[in-house]
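A.B. asks: All chains, please: the whole structure from these sequences, using the hints.
One letter stands for each residue in the lines below.
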Amino acid sequence: MATTTGDPRARVWWGVAGLVVVLYALIPVLWILSLSFKTTDTITDGNFIPRSWTLDNYAQIFSLDIFTSALRNSIGISIIATVLAVVIGTMAAYAIARLDFPGKKILVGVSLLIAMFPQVSLVSPLFDIERAVGLFDTWPGLILPYITFALPLAIYTLSAFFREIPWELEKAAKMDGATPLQAFRSVIVPLAAPGVFTTAILVFIFCWNDFLFAISLTSTQRSQTATVAIANFTGASQFAEPTGSIAAAAVLLTIPIIIFVLLFQRRIVAGLTSGAVKG
Amino acid sequence: MSIQSDAPVAATKQESRRPAGPTKAQLSEGKRAERNLGLLLCAPAAIIIVLVTAYPIGYAIWLSLQRYDLRFPAEQTFVGLSNYATVLASSYWWQAFGVTMLITVISVVIEFVLGLALALLMHRTLVARGLVRTVILIPYGIVTVVAAFSWQFAWTPDKGYLAALLPDSSAPLTEYGSALAIIIGAEVWKTTPFMALLLLAGLALVPDDLLKAAQVDGAGPWQRLTQIILPMMKPAILVALLFRTLDAFRVFDNIYILTQGSNGTGSVSMLGYDNLFKAFNLGIGSAISVLIFICVALLAILFIKLFGASAPGSEPSGRR
Amino acid sequence: MSEPVHPTSRRARRRPVVVGACAVLAAAAIAGCSSGATGPPVLNFYGPADGATQYSAAAEDCTAASGGRYSVVYQSLPKAADDQRLQLARRLVAGDPEVDILGIDVTWTAEFAAAGWIEKLPDDVAARVRQGTLEGPLQTSTYQGSLWAAPLNTNTQILWYRKDLSPTPPATWDEMIAASERLAQQGLPSYIEVQGAQYEGLVVWFNTLINSAGGQIVDENGRVLLGQGDAAQKALSVMQRVAAAPGSDPSLSVNKENDGRLAMEAGTAAFQINYPFVYASIHTPPPDGGGGGTFIDAQGKPSGTDTGRRVVDEFAWAPYPSVVPGQQARPTIGGINLAVSATGDHRDLAFEAIQCLRNRDNQLRNAVEGGVPPTLADLYSDPAFQAKYPAWEAIKSSLDNASVRPLTPAYTSISIVLSDLLNPPAEIDPETAVPVLVDQVEGAANSEGLVP
Chain Z
1 MATTTGDPRA RVWWGVAGLV VVLYALIPVL WILSLSFKTT DTITDGNFIP
51 RSWTLDNYAQ IFSLDIFTSA LRNSIGISII ATVLAVVIGT MAAYAIARLD
101 FPGKKILVGV SLLIAMFPQV SLVSPLFDIE RAVGLFDTWP GLILPYITFA
151 LPLAIYTLSA FFREIPWELE KAAKMDGATP LQAFRSVIVP LAAPGVFTTA
201 ILVFIFCWND FLFAISLTST QRSQTATVAI ANFTGASQFA EPTGSIAAAA
251 VLLTIPIIIF VLLFQRRIVA GLTSGAVKG
Chain V
1 MSIQSDAPVA ATKQESRRPA GPTKAQLSEG KRAERNLGLL LCAPAAIIIV
51 LVTAYPIGYA IWLSLQRYDL RFPAEQTFVG LSNYATVLAS SYWWQAFGVT
101 MLITVISVVI EFVLGLALAL LMHRTLVARG LVRTVILIPY GIVTVVAAFS
151 WQFAWTPDKG YLAALLPDSS APLTEYGSAL AIIIGAEVWK TTPFMALLLL
201 AGLALVPDDL LKAAQVDGAG PWQRLTQIIL PMMKPAILVA LLFRTLDAFR
251 VFDNIYILTQ GSNGTGSVSM LGYDNLFKAF NLGIGSAISV LIFICVALLA
301 ILFIKLFGAS APGSEPSGRR
Chain S
1 MSEPVHPTSR RARRRPVVVG ACAVLAAAAI AGCSSGATGP PVLNFYGPAD
51 GATQYSAAAE DCTAASGGRY SVVYQSLPKA ADDQRLQLAR RLVAGDPEVD
101 ILGIDVTWTA EFAAAGWIEK LPDDVAARVR QGTLEGPLQT STYQGSLWAA
151 PLNTNTQILW YRKDLSPTPP ATWDEMIAAS ERLAQQGLPS YIEVQGAQYE
201 GLVVWFNTLI NSAGGQIVDE NGRVLLGQGD AAQKALSVMQ RVAAAPGSDP
251 SLSVNKENDG RLAMEAGTAA FQINYPFVYA SIHTPPPDGG GGGTFIDAQG
301 KPSGTDTGRR VVDEFAWAPY PSVVPGQQAR PTIGGINLAV SATGDHRDLA
351 FEAIQCLRNR DNQLRNAVEG GVPPTLADLY SDPAFQAKYP AWEAIKSSLD
401 NASVRPLTPA YTSISIVLSD LLNPPAEIDP ETAVPVLVDQ VEGAANSEGL
451 VP
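Protein chains in written order, with the numbering used here: chain Z, 1 to 279; chain V, 1 to 320; chain S, 1 to 452.
Hints in this document: simulated from the structure, not taken from any laboratory.
Keep in mind that the hints are not guaranteed to be accurate.
[As the list claims (entries may be wrong)] A partial selection of chain S residues facing chain Z, derived with a Cβ cut-off under 7 Å:
hint : residue
1    : Pro78
2    : Gln87
3    : Arg309
[Said to hold, decoys possible] Lysine-lysine pairs mimicking DSS-like chemistry, simulated, CA-CA at most 25 Å apart:
hint : chain 1 : residue 1 : chain 2 : residue 2
4    : V       : Lys278    : S       : Lys120
5    : Z       : Lys104    : Z       : Lys174
6    : V       : Lys234    : V       : Lys305
7    : Z       : Lys105    : V       : Lys305
8    : V       : Lys159    : S       : Lys79
9    : V       : Lys212    : Z       : Lys105
10   : S       : Lys256    : S       : Lys301
11   : Z       : Lys104    : Z       : Lys171
12   : S       : Lys388    : S       : Lys120
13   : S       : Lys79     : S       : Lys163
14   : V       : Lys278    : S       : Lys256
15   : S       : Lys79     : V       : Lys278
16   : V       : Lys159    : Z       : Lys104
17   : S       : Lys234    : S       : Lys256
18   : S       : Lys79     : S       : Lys301
19   : Z       : Lys174    : V       : Lys31
Note that the coordinates shown come from a computational prediction; the quantities given were computed from them, not determined experimentally.
Each residue gets a CB set at the ideal place from its N, CA and C atoms; glycine is no exception.
C.D. replies: Written out as C-alpha cells, the structure reads:
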C-alpha cells in the first residue's frame with residue numbers, strides 16, 4: 001500500500017473525505033430507520049430525526065400475517081437456495097479449477113452468460129412453465145431460479161479461492177493413495193471452507209435481495225418473500241398510508257446485511273475482488 | 001440486482017502461482033478418472049442451468065412466436081414474427097428502450113467517476129480505512145427495494161426530508177426529468193461501492209515503485225493518474241464497466257418502487273413485466289423478453305469488440 | 001368476441017417440461033399447505049382491503065346463517081385495484097383451489113369470464129340476483145348476455161362544491177370552468193379537483209365525459225366507437241380546459257381521489273368531482289378521517305386563525321355537471337361484483353354464499369359503515385341509508401343515468417393505454433388526439449398492441 005507522509009493537514013483531508021463517504025453510505029439507511037420510529041402523527045413532518053419516538057410500527061408489522069410469513073419465506077428460501085448453490089457451485093468450481101475434462105470451457109462460458117443474463121427474459125417462460133407443472137407460488141419455484149443465477153457468482157468466487165489453496169497437500173494425499181474424490185473431501189474442503197463461507201454470504205445477499213423473480217413467481221403468503229410483502233403493504237385504514245410499516249419492515253430486512261457487513265467485511269471484500277487483490 | 005455480476009472479476013487477473021496439477025506424463029487411467037470426476041462434479045450445475053435457463057429461453061422464443069393472451073385462451077395460434085413487428089413498431093418499446101439506455105449510460109459514467117474516487121480514497125487514506133471499507137458495503141448489500149423506498153419517501157412531498165428542500169407543491173417523482181434523475185441517483189448510490197471495489201482490486205496491481213519513480217521524474221498527481229494508474233487498471237476497468245452496463249440495462253426494482261414506470265420512466269424490464277402481468281399477454285411479453293436478451297448480448301459484443309474487454313470467462317479454463 | 005366461452009376449460013394446459021430436476025428440491029418443498037380440518041367446507045372470500053371490516057362481518061353473518069353447511073372466511077386483497085387484479089389473476093391462472101369467492105372490480109368481469117377464471121351464474125341464481133338490483137351494476141356483471149357475477153356494491157361520482165364560493169352549483173363543465181376562472185381572478189380558492197393522474201381514475205373521467213356527450217369508447221361487442229361523432233373531441237376539450245385553465249390545480253396531472261378530497265378539506269378547492277366517501281371524510285376528524293376543520297376567512301380563503309368559519313360549513317353537493325347543456329351527465333359507475341371462482345372446490349355453496357353476502361343487511365352495513373352505495377334499489381328509500389347519505393338523491397340520480405366502462409375482456413389494456421395517452425390532461429390536443437386514441441385503443445381491444 002502506498003504511504004504518504006504523516007502530514008497532519010493530509011490527515012484532516014483524508015478524514016473529511018472519509019466522513020463524506022460514511023455519510024453517503026449511511027444517510028439513506030438512517031432515514032428509513034428514522035421513519036420506522038416515527039409516530040403516525042409525525043411521519044409526514046419531513047424531519048430527518050423523529051420528533052416523537054415509537055415502536056408501534058414494529059409491533060404493527062409483527063401482528064401482520066402477511067409480513068411474518070413473508071419473513072419466514074425469505075429466510076427459508078434464501079438459506080436453502082444458498083446451501084444448494086454453494087454445494088453445487090463448490091463441486092463445479094473445484095472441477096473447473098483443478099480438473100481437466102471436456103466441456104469445461106462451455107460451462108465457464110455459459111455461467112458467464114448467465115451472469116450477464118437479463119432475468120426479466122426468464123420471467124415469462126418460467127411463469128408459464130411453473131404454473132403448468134405446479135411450481136408456481138412454491139418455495140422450489142423460487143429456489144430453482146435463485147440457484148441458477150447464484151451459480152456463476154459461486155463458481156467464479158470459489159474457483160478464485162481454490163486457486164489460492166496449497167495444492168501440494170492434495171498431491172501429497174493422492175500420493176498417499178487417496179482417490180481424487182477423497183483428496184477433495186478430506187484435504188481441500190477444510191482448506192476451502194473460508195472461501196465457501198464467503199461465497200455463501202454473497203449468495204445469500206443475492207437471494208435476500210431478489211425482487212423480480214419473487215414478485216413474478218409467487219402470489220400468496222405461501223411463498224411470497226419479504227421484498228414483495230413490503231412492496232404490497234397497505235395502510236391500516238382507508239386514509240392511512242403504510243409508510244411506517246414499510247419503514248419498519250425495511251429496517252428488519254437490512255439487519256442481516258448490517259450484521260454480515262460488520263462481522264465479515266474483510267471476507268466480503270475479498271470475495272468480491274479475490275482474483276485480483278491477491279496478485 | 002448487481003450481485004451475480006460480481007464474480008467474474010475473480011478471473012480478471014492472471015494467477016501467478018501455477019498449481020501443481022497432474023502432468024501429461026500421468027497414466028491415461030488417471031486421466032479418465034479425472035475426466036469422469038470433472039463431469040460428475042459439474043453435472044448438477046449443468047443440469048440446473050439447462051433446466052432453468054436454456055429450456056425456458058427456448059420456450060420464451062417459442063412463446064414469442066404465438067398469439068397467446070391468457071384472457072383469450074381460445075385464440076392461441078402461431079403468428080410467426082408478428083409479435084416482434086408489433087413490439088418494434090410500438091412507441092412504447094422505443095420509449096422504454098431510450099429510458100433504459102439513458103439510465104444505463106448516465107449511471108455507469110457517474111458510478112465510474114465516483115467509484116474511482118472512492119477506490120483511490122480506500123487505497124490511500126490514512127484515516128479510518130477499515131470504517132470506510134465497512135460502510136461502503138452497506139449500499140452494496142442493502143436490499144434494492146429497501147433502498148428504493150428510502151429514496152421514494154425522501155422525495156415524497158410533505159413526508160421527505162429532501163422534498164422539504166424543494167419549493168412547495170413540487171413532486172419530483174411525478175415528473176419525467178426529476179423522476180429519472182432520482183432513479184439514476186438510487187442506482188448510483190447502490191452500485192458505486194461495487195464499482196469502487198472492483199477498481200480497488202485493479203488499483204492494487206499498480207506498483208508503488210512505478211508511481212514513486214514517476215513522482216521523482218516530476219509527474220503530477222493528475223499525470224500519474226492518467227498516464228500510469230488508469231492504463232494499468234484497464235482490464236479491471238473494462239470488466240467493471242461491462243458488468244455494470246449489462247446490470248444497469250436490466251434496471252427494474254428501483255423503477256418499480258420509485259415510479260411504477262409512470263410518466264414515461266419505465267425501463268424495458270418494466271415494459272416486459274407489465275405486458276406479462278398487467279395485460280397477461282405472454283406472446284408480446286415473451287417477444288419483449290427475447291428482445292431484451294438480444295440487446296444485452298449486443299451490448300456485451302459491442303463492449304468486447306470496441307474496447308477489447310477480454311471475456312473474463314475464458315481465463316479460468318485456460319488455467320490449470 | 002364471438003368465441004363461445006367454456007368455463008370448464010380452466011385448467012392450464014400441461015406442457016412438456018422436464019420435471020425430474022424438481023426432485024432435487026423435493027426436500028425444499030416444505031411450502032405450507034392449509035389442509036382443512038374437519039368441519040363444514042371453508043369458502044375463501046377474497047375482497048378488496050377497503051371495506052375489510054364490513055366484509056369480514058358479512059362473512060361471519062353468512063357463516064352463521066348457513067346453519068353449519070359452510071363457513072365464509074374473508075381474505076383481504078391489496079388496497080390498489082391493479083394489485084388486487086394481479087393477485088387474483090395469478091392465483092386463478094395457476095389453478096388455486098383455495099379461491100372460492102372473488103370480490104372483483106366491475107371492470108374485470110368480462111376479462112375474468114372470457115379467461116375462464118370465473119363461473120357463470122346458474123339460471124336460478126341469476127334470476128334471484130336480477131330481482132330488485134339496479135340496472136347499471138347488473139350491466140357490469142353481464143358478459144355476452146349472461147350474468148357472471150352478482151353486484152355487491154356500486155359507486156358513482158357527483159359534484160361536491162363550496163357554496164360560499166359558488167352559491168349556485170354549475171350545471172355544466174363550461175360553467176364550472178368559467179366559475180373557476182372567475183374565482184382565480186379574484187384570488188379566491190378556484191381549483192376544480194378531478195382525477196387527472198395517469199391511472200384508472202383518469203379513464204373514469206374520460207368515460208363519463210364521452211358518454212355524457214353521447215359517445216362511447218368500445219361497445220359490448222368489442223367494436224371501438226371512440227372515433228364516431230364528436231363526443232370524444234368534446235370530452236377531450238373539457239379535460240384539457242379543466243387542466244390548463246388559469247386557476248386550475250397545478251398538480252392535477254398527478255391527483256387521485258384522495259388528493260382532491262385533501263385539497264377541498266384544506267380549503268384550496270372550490271369544486272370536486274368525487275365519490276361519496278368524501279362526505280364521510282370531511283365530517284370525521286383526524287386521524288380516522290380527513291376532517292373539514294380548516295378555518296376560512298370572510299372571503300373563503302383558508303386561514304390559520306380561528307375565524308369561526310370552517311370549510312365543512314360551506315360543503316355542498318349537486319348532480320354531476322353535464323357536457324352538453326340540458327343533457328344529463330352519465331357518470332361512470334364503479335363498485336364490486338361478487339363472482340365464483342372456476343377453480344374452487346365448492347362452487348355450489350359459493351353461489352349460495354354470494355347471495356347472502358350481498359343481501360339487504362350486508363349491503364346496508366357496507367353503505368353505512370363502509371361508505372359504498374348499495375346495488376339494491378329499495379335501499380335508497382331506507383331511512384337508515386338516507387340518514388347516512390344526505391346526498392342520496394344526487395347519488396341515486398347519478399346511478400340512474402349511469403354509464404359503464406367498456407365491457408370487454410381487454411378492458412385493462414384499453415384503460416392502461418388511455419390513461420397513458422390522456423396524461424397529462426393539460427397537454428391533450430382535442431383536435432388531433434382522437435385518431436391516435438382510436439388506433440391505440442383498437443390495438444389494445446384486440447390484444448394486439450403493447451401496454452405501456
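A.B. asks: Are the hints correct? Go through all of them and say.
C.D. replies: Evaluated hints:
no., hint, verdict
1, Pro78, "holds, 5 Å"
2, Gln87, "holds, 6 Å"
3, Arg309, "violated, 24 Å"
4, V:Lys278 / S:Lys120, "holds, 24 Å"
5, Z:Lys104 / Z:Lys174, "holds, 23 Å"
6, V:Lys234 / V:Lys305, "holds, 15 Å"
7, Z:Lys105 / V:Lys305, "holds, 20 Å"
8, V:Lys159 / S:Lys79, "holds, 20 Å"
9, V:Lys212 / Z:Lys105, "violated, 41 Å"
10, S:Lys256 / S:Lys301, "holds, 23 Å"
11, Z:Lys104 / Z:Lys171, "holds, 22 Å"
12, S:Lys388 / S:Lys120, "violated, 35 Å"
13, S:Lys79 / S:Lys163, "violated, 33 Å"
14, V:Lys278 / S:Lys256, "holds, 20 Å"
15, S:Lys79 / V:Lys278, "holds, 16 Å"
16, V:Lys159 / Z:Lys104, "violated, 54 Å"
17, S:Lys234 / S:Lys256, "holds, 22 Å"
18, S:Lys79 / S:Lys301, "violated, 34 Å"
19, Z:Lys174 / V:Lys31, "holds, 14 Å"
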